[in-house]
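Line order of the protein sequences matches chains A and B.
This note's numbering puts the last residue of the first sequence at 784; the count rises by one with no breaks.
This note's numbering puts the last residue of the second sequence at 784; the count rises by one with no breaks.
Honestly, the hints are just simulated from the structure, not real lab data.
Watch out, some of these pointers could steer you wrong.
If the Cβ cut is set under 8 Å, some of the chain A residues that face chain B in the computed set are [to be verified]: (1) Ile526; (2) Asp582; (3) Ala599; (4) Ile706; (5) Ala707; (6) Asp767; (7) Phe769.
Even glycine gets a Cβ: it sits at the ideal position worked out from N, Cα and C.
There are 2 protein chains.
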Amino acid sequence: MIEEKENIQFELTDELVAQVEHLVETRNDEELKSLLEDFHHADIAEILDELDLDDSVYVIKLLDSETTADILIEMDEDNREKVLRNLSAKEIAEEIEELDTDDAADIIAELPEERQAEVISNIEDKEHRKEITELLAYDEDTAGGLMAKELVKVYETWTVAGCLRRIRVQAKDVTRVHSIYVVDKKNKLIGRLSLKDLIVAKAEHKIADIYIKTVDYVHVDDDAEDVARIMQKYDLEAIPVVDSNQKLLGRITIDDIVDVIREEADRDYQMAAGISQGVEADDSILKLTRARLPWLLIGMFGGLGAASIIEYFNGEMGDFIVLLSFVPLIQATAGNVGVQSSAIIVQGLANDSLDGKIFKRLLKEALLGLVNGLAIACIALVITHFLFGTPYIVSITVGIALISVIVMAAMIGTFIPIFLDKRGIDPAVATGPFITTSNDVFGILIYFVIAKLILQF
Amino acid sequence: MIEEKENIQFELTDELVAQVEHLVETRNDEELKSLLEDFHHADIAEILDELDLDDSVYVIKLLDSETTADILIEMDEDNREKVLRNLSAKEIAEEIEELDTDDAADIIAELPEERQAEVISNIEDKEHRKEITELLAYDEDTAGGLMAKELVKVYETWTVAGCLRRIRVQAKDVTRVHSIYVVDKKNKLIGRLSLKDLIVAKAEHKIADIYIKTVDYVHVDDDAEDVARIMQKYDLEAIPVVDSNQKLLGRITIDDIVDVIREEADRDYQMAAGISQGVEADDSILKLTRARLPWLLIGMFGGLGAASIIEYFNGEMGDFIVLLSFVPLIQATAGNVGVQSSAIIVQGLANDSLDGKIFKRLLKEALLGLVNGLAIACIALVITHFLFGTPYIVSITVGIALISVIVMAAMIGTFIPIFLDKRGIDPAVATGPFITTSNDVFGILIYFVIAKLILQF
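Let the hints inform the model, and build the full structure from the sequences given.
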């Protein structure tokens, strides 16, 4: 008999939100508690994200800190920040006590600096306080920023029986055990064990006899995205973190890595679409404008650059004014090819699956551009000449310009991200409006230069 | 003392590849084996991906099937397919014997149909053969296509001691235990237990007394991406899969879900960039052309559409020929705004974080467009009039057109993905060249219509 409690078919309906709002308004605490009791904390977080600030603060204060700590972790960051502003330092500290060190440090890091110290001083559990303070010192984009202090470790000198006894104590603080780390007496990481190995082993065995001496680990300063790549590549569900002396500091679990992967993918996607990182559809118009306007300005300057180029050639072309009709075709093609080329390179760099020399890759892109360009040019030539009645020589000009523009756009789209990556700059910035704009301008310039050469105006 | 074996600092160097090639050529089997022994199977797969087909087949045949099965799983799909074509059905079956059922089924599913039956009939382990055949029946994009048959399950009537005894046997086949599933005598899933709970419990307790009655599960026909969302939302590391009668069929682990998330993100990214799914930078020019040309053709037809519009107005505009210079500006802006709006909606839909009514969202986008449009229009007006010396009335026309085009592009970019999603079509197709092209054409049309109205030509 499966209870409803963690039913995965949870659906956030307007009725449910209205029901919660009504219970809050009428201060019907008992019924509210018993209603929310039936939901998973991630679901309650979704409900609270829909409520007014006052209402969600009310609900947070009503429920046990054991539940609300988990709810806060799952809430939208902006909403959580607002809720926390309405809680006292002592109330926040109570929530923090319930959280694992990594989540606790994440929440504290979001607070204004003066509140951080106040909240930390209100944490009663000394050990927890010390561990959180340690974690706060690490950059959030490093292994140290991802790791939790909660882990199960054993000394190589222990027996299996003694080990199981002590693990029973340690494991109470650890949500999921994954691996058991084996350390020497100086706390240096020397190997690992799985709970399974321990259960299968005989009680009187020494850990030193049964532990596995190969263990993957990362350094506390390693980049978070590198940690994600390592855990994915080697299919790890947890990885220990050590300092420069190989001392065991913490561990990172796969669920945190899933978030890193998702965030990285989201950020690259937004960059490619010309949106500065970290906005959501539900953010305010001001925040969305801040994220979108800079990229539109880049596009605008590109457009004005193109206007100057056209102006320049406009006076000269005389009878060939029809050339101007094909500017959008040239521009769209240059932009599309540039985005395609850069996206495939950025993705290859992100997945670490790109190999070979830059020259070989440019040659390949040029060839690819030639193939695509020939196809597009032929079709465009036939349509413009036979369907639109464009003069033969103009159609030829457009065709040759298309081929040149495609090859050029493909090469720019390939070169820029590789170049940025080699310089240590995130290649994803070179996608989207950035590449489209530069290709637009170059494309139009090439078009008119070719036209001038062929048509001799 | 950490051994080098699973050193995470593995780097694929040209020297290493050359060394392996040399050992293969000289048939120096012993040294080759002892060299590769030191690497993780995921690293060996990377090396093999760099070798010629003959060389990688040679290495695969040289090593034990225990290692090579894992290597094959990690290899690039195209390369793996080629290697498998060079192995006999019996050799493939030997690899399959070493793999978990989910990986085994994935590999068999890649084979041509006539070989599938041949390979399956060569699998000696009857149970394994039966389980793999069952898994092959499920669509790869469903929970059934992701799940493995390997899991640890216990009956509610067992005692803790008996349970531990039997788990020792079951667990040998299971790489990672995660959860222990509790079933009734009809194999219906009724709850779960963690290894930790079992270790902490007293030996004489009955499972029925200690198991947790709430358990998340998915149905075998559920969509793979939905399973990924559920596991992420509820931070699950494994989830059981049941049939319509609640019978336990298998389980899905988080490492498979990481792949689903990554693939989904990659696909959306490629769609936004105008590349059909599933290509990599290292694919052949033919494959890359097939993935890229269709989108370029869409862009080309858009460009030709724009050319017709310009042709139509060209004859009429007389003195206002300068309007044509600003076509690229209008087009770039329309394209950029459209991509921004659609990307943010597609991402919201993918993360399931989009709420509210379609009308409210369109209104918001219109407002946002107005804010961005006013900013862009003012700057463009100042630059064109004072810097370029464009006539005042033309600059005003361009400014008004920019505002209108931005608002329109934002609304189209918002509406189309939501509309597609409601129709059950993947909204990601509406990003990239698709949205850019339609916005280009509409944008240019709006521009000339507004110009005609204001300038009265």
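Please write out, lowest number first, the hints stated earlier that are contradicted by the structure. 7
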